[in-house]
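**Q** Everything in the sequence shown is counted per numbering that gives the first Met the number 0, starting at 0 for the first residue and increasing by one.
These aren't lab readings, by the way, just hints derived from the structure by calculation.
Any given hint could be a false lead.
[Claimed, not checked] BS3-like cross-link-like pairs, simulated, lysine-lysine; straight-line CA separation at most 27 Å:
| # | residue 1 | residue 2 |
| --- | --- | --- |
| 1 | Lys205 | Lys88 |
| 2 | Lys219 | Lys88 |
| 3 | Lys219 | Lys17 |
| 4 | Lys88 | Lys17 |
| 5 | Lys205 | Lys17 |
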Amino acid sequence: MDTSSETESPVARSAIRKVAIRLVPFVALMFFINYLDRTAIGFAAPNGMNDDLALSAAQFGFASGVFFIGYILLEVPSNLALHRFGARKWLARIMVSWGIVAVLFTWVQNFEQLVVLRFLLGVAEAGFFPGAILFLSLWVPSRYRGRILMLFYLAQPLTTVIGAPLAGALIQQHGVFFGLEGWRFMFLGVAIPAVIVGVVAWFYLKDSPADAAWLTPDEKTWLTGALAAERSATEAREKHVSARFAFGSGRVWALSFIYFGFIYGLYALAFFLPTIIEGFQEQTGQTFDVFQKGLITAIPYLPAAIVMVLWSRDAHRRGMKTWHIAVPAVAGAVSIPLALFAGSPAATIAVITVTACAIFAALPNFWTLPTRFLTGAAAAAGVALINTVGNLAGFSAPYITGAVRDWTGGYEVPMIIVGVMMLVSAVLMVLLARGDRMAPAAVPHTGETVSATQNGPATR
Numbered sequence: 000m001d002t003s004s005e006t007e008s009p010v011a012r013s014a015i016r017k018v019a020i021r022l023v024p025f026v027a028l029m030f031f032i033n034y035l036d037r038t039a040i041g042f043a044a045p046n047g048m049n050d051d052l053a054l055s056a057a058q059f060g061f062a063s064g065v066f067f068i069g070y071i072l073l074e075v076p077s078n079l080a081l082h083r084f085g086a087r088k089w090l091a092r093i094m095v096s097w098g099i100v101a102v103l104f105t106w107v108q109n110f111e112q113l114v115v116l117r118f119l120l121g122v123a124e125a126g127f128f129p130g131a132i133l134f135l136s137l138w139v140p141s142r143y144r145g146r147i148l149m150l151f152y153l154a155q156p157l158t159t160v161i162g163a164p165l166a167g168a169l170i171q172q173h174g175v176f177f178g179l180e181g182w183r184f185m186f187l188g189v190a191i192p193a194v195i196v197g198v199v200a201w202f203y204l205k206d207s208p209a210d211a212a213w214l215t216p217d218e219k220t221w222l223t224g225a226l227a228a229e230r231s232a233t234e235a236r237e238k239h240v241s242a243r244f245a246f247g248s249g250r251v252w253a254l255s256f257i258y259f260g261f262i263y264g265l266y267a268l269a270f271f272l273p274t275i276i277e278g279f280q281e282q283t284g285q286t287f288d289v290f291q292k293g294l295i296t297a298i299p300y301l302p303a304a305i306v307m308v309l310w311s312r313d314a315h316r317r318g319m320k321t322w323h324i325a326v327p328a329v330a331g332a333v334s335i336p337l338a339l340f341a342g343s344p345a346a347t348i349a350v351i352t353v354t355a356c357a358i359f360a361a362l363p364n365f366w367t368l369p370t371r372f373l374t375g376a377a378a379a380a381g382v383a384l385i386n387t388v389g390n391l392a393g394f395s396a397p398y399i400t401g402a403v404r405d406w407t408g409g410y411e412v413p414m415i416i417v418g419v420m421m422l423v424s425a426v427l428m429v430l431l432a433r434g435d436r437m438a439p440a441a442v443p444h445t446g447e448t449v450s451a452t453q454n455g456p457a458t459r
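Construct the complete structure from the given sequences, taking the supplied hints into account.
**A** Spelled out as structure tokens, the structure:
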């Protein structure tokens with residue numbers, strides 16, 4: 000039974016509800032645009048871009064993945080800059096920067112230009128995702144963080160549920176805007192909102208509860224006090240407040256490699272699912288228009304969004320357990336290779352849906368772990384480092400998938416590799432939890448009872 004509501008004061012409930020209503024949808028919108036811009040290349044590829052630019056599967060995979068090289072190089076510095084200058088200014092700056100670069104994809108002419116622009120897009124976007132996670136953690140005490148991150152993370156599967164048909168509709172506008180090919184018009188259409196929302200973010204976001212005019216004085220006092228008490232307890236217990244600690248922490252590196260496996264699966268699907276769906280036409284003899292392809296691409300992600308909500312609620316009710324992350328990892332590891340042996344388009348989509356549900360069920364719960372034992376500059380550096388290592392998979396997954404596809408002539412081996420990566424994440428999560436079972440008891444704070452194992456990544 001969930002008893003959390005029985006111990007929450009009316010002021011606490013009101014404060015958290017206002018944060019969930021006023022901040023989370025806007026930051027989720029930013030994330031929606033972010034994820035759509037970085038994965039738009041996956042929609043463009045089978046709808047004219049690969050043919051117009053004469054790209055092989057390996058070249059497409061390399062261009063997709065090179066984004067993460069620029070992203071990785073500046074990820075940690077960007078998040079430390081956010082910690083120094085404030086989330087409002089830095090997140091707004093990031094959005095406007097990547098929006099300007101994203102617009103330039105409209106006029107890309109060859110593979111070399113595509114690679115350069117993808118690299119620059121990664122440089123411009125660096126720090127956004129860990130910055131958004133850190134920003135929300137500065138507003139919400141840890142006991143509520145799982146629910147808030149779940150609401151934020153809804154933007155990612157909904158990017159495909161809404162974004163895939165939207166991208167398809169834009170691609171269908173071939174020649175409508177100054178004679179642009181449909182895939183070029185799609186790039187333009189998904190880039191402009193980043194600039195607009197980035198400007199709005201400068202004025203809309205606030206750096207802390209103390210700056211929020213929409214909170215009552217009592218709500219400000221409760222939020223500020225709860226966050227300060229939690230931060231002080233973490234500092235006294237862990238002493239993990241310096242950026243240097245994050246780079247030397249075994250727990251941070253373990254979480255980084257766990258995240259790597261999930262991101263490997265996520266981007267293998269994001270970049271190549273539209274291409275796999277393209278193959279359905281040959282398999283069935285049917286012809287789908289671009290909008291129909293977008294709708295088919297979106298099918299796995301709507302159930303994934305629902306499962307993510309239900310799984311996160313269960314984690315909040317029971318307390319986050321190791322199996323809330325390990326079980327989805329195993330489910331993804333088993334299901335994704337099976338998708339290529341399903342025998343029919345309907346069965347393939349059904350199995351891919353299981354994979355998408357597994358990945359998205361785990362990710363919001365995963366991101367509650369770093370800030371359980373990191374605070375201050377260490378939290379900024381640690382979250383960025385985890386995202387940086389994890390996003391190495393953003394480069395390696397599409398490139399390896401494309402290269403092995405060219406080498407073997409099919410997607411069977413690439414998908415088996417994806418399954419192995421996710422299985423490694425499950426094993427590492429179990430090993431990490433076992434290693435933290437002997438951790439010292441946490442210091443209770445804000446009236447919340449904290450178990451001894453809560454000091455580590457998760458209870459068993």
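**Q** Against this structure, judge whether each hint is valid.
**A** These are the hints, each one checked on the structure:
1. Lys205 / Lys88: Given pair Lys205, Lys88 holds - Cα atoms ~9 Å apart, limit 27 Å.
2. Lys219 / Lys88: Roughly 22 Å between the alpha carbons, so the hint for Lys219 and Lys88 holds.
3. Lys219 / Lys17: holds (11 Å)
4. Lys88 / Lys17: Since the Cα atoms of Lys88 and Lys17 sit roughly 22 Å apart, the hinted pair holds (cutoff 27 Å).
5. Lys205 / Lys17: holds (13 Å)
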